[in-house]
Structures are given as C-alpha cells and as structure tokens.
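When you get a sec, could you build the whole thing from the sequences and use the hints?
As they're listed, the protein sequences go chains A and B. So in this note's numbering, spot 248 of the first sequence is number 251, and the numbers just go up one at a time. So in this note's numbering, spot 216 of the second sequence is number 351, and the numbers just go up one at a time.
Rather than coming from a laboratory, the hints here were simulated on the basis of the structure. For glycine and all other residues, C-beta sits at the position ideal for the given N, C-alpha and C. Possibly wrong hints are sitting among the right ones.
[Claimed, not checked] Computed footprint of chain B on chain A, listed as stretches where at least three residues anywhere in the stretch have a Cβ under 8 Å from a Cβ of chain B:
(1) 159-167
(2) 171-182
[Said to hold, decoys possible] Computed list of chain B residues with no C-beta within reach of chain A, every gap over 12 Å:
(3) Glu139
(4) Thr153
(5) Gly176
(6) Gly201
(7) Lys243
(8) Glu254
(9) Gln281
(10) Asp301
(11) Met369
(12) Arg384
(13) Asp386
(14) Glu390
If you want the building blocks of each chain, they are given just below.
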Amino acid sequence: MNLFDFLSHGFIQRALIAGSFIAVLCSTLGVFLVLRRFSLVGDGLGHVTFGSVAIGLFFGVYPIGIAIPIAMIASLGMLKLTERAYIYGDAAIGIVSSLGIATGVIIASLAGGFNIDLFSYLFGSILTINTMEVGISIILSFILIFIIYFYYQELLAITFDEESARASGIKVGLINKILVLLTAVTVVLAMKVVGIMLVSALLILPSVTALQLNKGFKTTIIFASLSGVISVMLGIFISFVADLPPGATIVVLNFLFFVLAFFTRMLRS
Amino acid sequence: MSGEVVSVKELYFKYNSTEVLTNVSFQLHAGDYAGLVGPNGSGKSTLTKLILGLYAPYRGNVLLFGKKPSEFQDWFRVGYLPQRVTHFNPYFPATVREVVALGLLSRKGFPKKISKSDEIAIERALSLVDIVSIKNERIGTLSGGQQQRVLLARALVNEPDLLVLDEPTTALDPEVRDRFFTMLKALNKERKVTVIIVTHDIGTIGQYASRLLYLDKRLIFYGGFDDFCVSHDMSDYFGEFAQHIICHRHDLVKERE
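See the structure below:
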C-alpha cells in the first residue's frame, strides 16, 4: 500500500486530523501536569470518564456530552479534596478515581454486562471517529489551546513556584481550577484516541520525552507536541497496515520515542 | 504615617490550634533595612508570609503600603525571595531568563505577555546579581548559590520598593554572601528600597541592617543595634548568643568607621 492509498480513506483522514489536534492539546497540558506532579490526574479523570460513559450508554445519552461535565465536576472535587481535606494529591486522585470505576462497574452490571460500546471507549477507537466528533475535537482543542496560550505565563509561574506566584498577586486558586478543568475536557477528548485505560499515557509520555532534551519551557512544549503528533500519525498508519489496535500502538510508539530521547540524553551527557 | 511601608498591629497567628505568633506589632518605613532573627520555629517565615498575604491572621492586622494584603493590588512594588531548602528539580525546563521574567507578571494585565521592551528590565536585574552570562542556562543545572541569585533577580526585576527575603544566604559561600549583602545595602541606600531579611546569619546582619526584629513567637526586641546591645530582653540561649555575636561585629564595624 502506498501513502496516497492510505490517505485517501475518509476515516483515516478524520482520525489523523482529530488525533493531531488532541495530541497537541494533551502534550502541551502534559508538560504542566508532569512538572506540577499532577501526572496521575489524567488517569484519575479517565476512570471518572469510564463511569460517566457507562451512565451515558445506560440512559441512551451521547457519552461525550455527559462525560465532559462529570469529569469537570470531578476535577474540581479532586482539587477541593487536596486543598481542604488535608490529604495529598495522590490520595485525592485515588478517591475520585475509584469512585468513577465503581460507578462504571455498577452501571455496566445493571445494564447486563459490558457491551461493545463501553469496550470501544475503554481502549479507544480513533478509526471509527465520525465527522461530528472530529468537529467537536477541533473546536474544543482550539478553545483549550487558546486558554493555555492566554494563561501561559500564570501557568508557568505556578508550575515553577506556587508560593512566589501567589506573592506576586497571581490568582493561584483560579489558575489551578483552570488547569484541572482543561485536563478534564482533554481527557474526555483523548479517550476516543487511545481509550480511557491509556489516556494518561498521551498526557505523560510526550512531555517526559521532551523533558529529556533539556531545553527551555516553550521549546519543551513544542517538542512534546511534535512527539505527540508524530506518534499519533505513525500509530494510525502502523495499526492500519499491521491490523493492530490504534490506541495501544500510539502509546507504544510514544514509549519508544521516550526511550530514544532518554538514551540520546544519556549519550550526550 | 507617610512613608509607612509595613505596619503590623497586635498580630496573632495559629497553625491549627498552636499559636505561632502572639501580639506582634511594629512598623517599617521607606528605606528601613530590618534583620528578622530568632530561633528555629520562632515564627519568622510565618511573619513574612502574613505580611505578603499568603496567610491570614486570626487577630490583628497587617498593612502593606497602607492597605490590607487582601486588598493590595500593586504587587510589583514588592519583591519576594522565598526560603529554599532544596534545589530545583534538575529537569525543570525553564531558563534563567524565563524565571526572571516571571517577576514581571505582577505588572501585567490580561493576558500577561512578556514583550521585547521587558528584555531591558530582565537584563538589568540579571546584571545586578551578576548572572548575565548564564541567562540561557536551565535553572535546575545551576549551583545553589546561582539559583539563589536567579530568584533574587526575579525579586528585583520590577525595581520594588519593598524586598522580603527569607534566608537568602543559606546556599551561598562566604564570598558570594558578602557580595550579596553589599549589593543589598547599596540598593537600600541608593534606591531607598525597604528590606526585611530573615536570617540566621547573625554575624553579618549587624554590619548591614539598620533595624533588628528579634522574634520568638512574640516580638522580644525591635529597634536599632545600639539599643539591642544594651537590651536585657534576651533571656534565652539563642537571644544571648545572638546579642553577643551581633553586638561584637557591630562594635567592630563602628570602630572601623
């Protein structure tokens, strides 16, 4: 098969377009999350998304429509638990995450077991993405990337040193809320690409790959985005040719990029 | 009173149910250079955080340039250097220039963007602490002393009227520490920058500061060094030790002058 044949399929075009936008979004946000030690927020919110997708499928509501508001509420809940309940962030993630999974399992059990739809959300189905979902992914990705662009300096300031950011008049509470809300929407969008089970990989791996390069903050974000987009594009191509699951292929490619960057850094130093 | 930069009145603060500060009152005026000393756990860092509005008192009040910290808007007038016990993550991907630029955000509206014209202020702050040559290095790769100077440049980049420094010399070797104190004194003298410096460097502070705050949950002493040296308020081990060291060095400096 040549490249032209591959690109001539409508479902491949849709997958490449939506996947690239979501990859840029995940990689950019991932740099802030990893450096703030919030890496597992994506994992926790992924589990919440599992519960909300199950609710959506059970009641016959479009799953993404119900998953976005629930994930947003859960992300604020995690933040509140960390700030007010005197518990560490990982414990807050654990609480919300297990509640999400438990809800999903109960709903799936009430519905008579896991069905094929829920399975596709668990492990991703980028090749089945429809035109409306591509549109939603592009619009939401644009909105979220613009929000990151406008709050870039504040996000960098709180990532570097939250106390000094607060002492220079930055509304740290507001910026933290923006960060977790952005993550919530991103996780829901990314579940179509790699699935709920692997969503945190798309947030973490491109950013840790870019961090191996030892560059400044903006350069790190650019490299993380490049790594994310290339892995999604190459992952879709390989999975199509070799008949492999695209979500898992994308994650494995991301890991290989990380290994490559890691050894390059080791050799250079 | 005009020129009043910090006013602390009958201030109390508790962590959970433990009282950390009890009935602390003092004022600092434009051009004051105050050393804040006391034993570990005496509430020094807590007091600086109350001044900056990072904590809220449960009784009493703090005024910053005549306003409560919660109502204060002109944060570019304040430079803050937090206490740093450990180094930054060596993989943190921010360059020295990017970190210093963060100090300018308090001046910016929305959206906060660093423009080309800000480069002059950044260069000036970098040269003040003598780190222009490492401006493109990542902060995590620098030594503790260099990191401290980067954070100081960030605190100075707005040319603030008040500098709040929490143990700024802990990671510095004696030579760099002396240069740091000399530079701080020059800023205080030439630009009338008000300085509050939390320090365990009691041997040095008497050479540079004009006022001394001795804190041990309550304010044991506040005033000039001549008064401190004849005060009988320091009854604990740390207080007597501090008085001995500070006054010995203070006398030496006066003799030299």
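Exercise for the section: Quick one: which hint numbers does this structure break? Sort them smallest to largest. Expected result: 7 and 10
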